[in-house]
Amino acid sequence: MSDVQQRVERYLAVWNETDADARRAAIDELWTESPVYVDPLGVAEGRDAIDAFVGAAQQQFPGLVFRAAGTVDAHHNVARFTWELGPEGGEAIVVGFDVATFDDDGRFDRVTGFLDKVPA
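Take the sequence shown: its position 29, counted from the start at 1, is 29 in UniProt numbering, and no numbers get skipped.
Check the hints yourself; a few may be wrong.
Computed beta-carbon distance windows for the label pairs [what the hints assert, rightly or not]:
{"no.": "1", "residue 1": "90", "residue 2": "32", "range": "28 to 38 Å"}
{"no.": "2", "residue 1": "120", "residue 2": "43", "range": "22 to 32 Å"}
{"no.": "3", "residue 1": "117", "residue 2": "16", "range": "32 to 42 Å"}
{"no.": "4", "residue 1": "95", "residue 2": "5", "range": "11 to 21 Å"}
{"no.": "5", "residue 1": "112", "residue 2": "71", "range": "14 to 24 Å"}
{"no.": "6", "residue 1": "90", "residue 2": "48", "range": "31 to 41 Å"}
{"no.": "7", "residue 1": "68", "residue 2": "118", "range": "11 to 21 Å"}
To be clear, the hints were calculated from the coordinates, so they are not data collected in a lab.
Note that CB positions come from ideal geometry on N, CA and C, so glycine has one too.
Taking the hints into account, I'd like the entire structure generated from these sequences.
This is the structure in structure tokens:
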């Protein structure tokens with residue numbers, strides 16, 4: 001597994017982390033000092049906002065998990081990857097892909113998300 005693939009797996013694990021302290025520690029480790037996350041549902045600027053955004057997603061989709069769907073495509077400091085959200089071991093109800101930009105230390109600086117499949 002490539003370094004970038006591992007980073008993306010850790011990123012997705014943040015979205016599944018329900019312990020607030022553990023989630024925040026992972027965000028602090030994986031993201032730059034002034035990160036930005038943006039998708040069709042909103043914009044989160046800074047670690048506090050990203051933490052709140054992830055917590056809100058968990059409340060909106062309780063019991064569902066994010067997982068990678070395929071391999072990460074990366075070059076330079078940019079990666080794109082597809083993810084799914086669904087019950088553990090079950091069919092995804094949401095599918096999307098993210099484009100992530102990393103700093104020179106490999107931390108997430110900006111993630112732009114797109115939704116390909118959403119519930120009706």
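>> Which constraints among the numbered hints does this structure fail? Numbers only, ascending.
In response: 3
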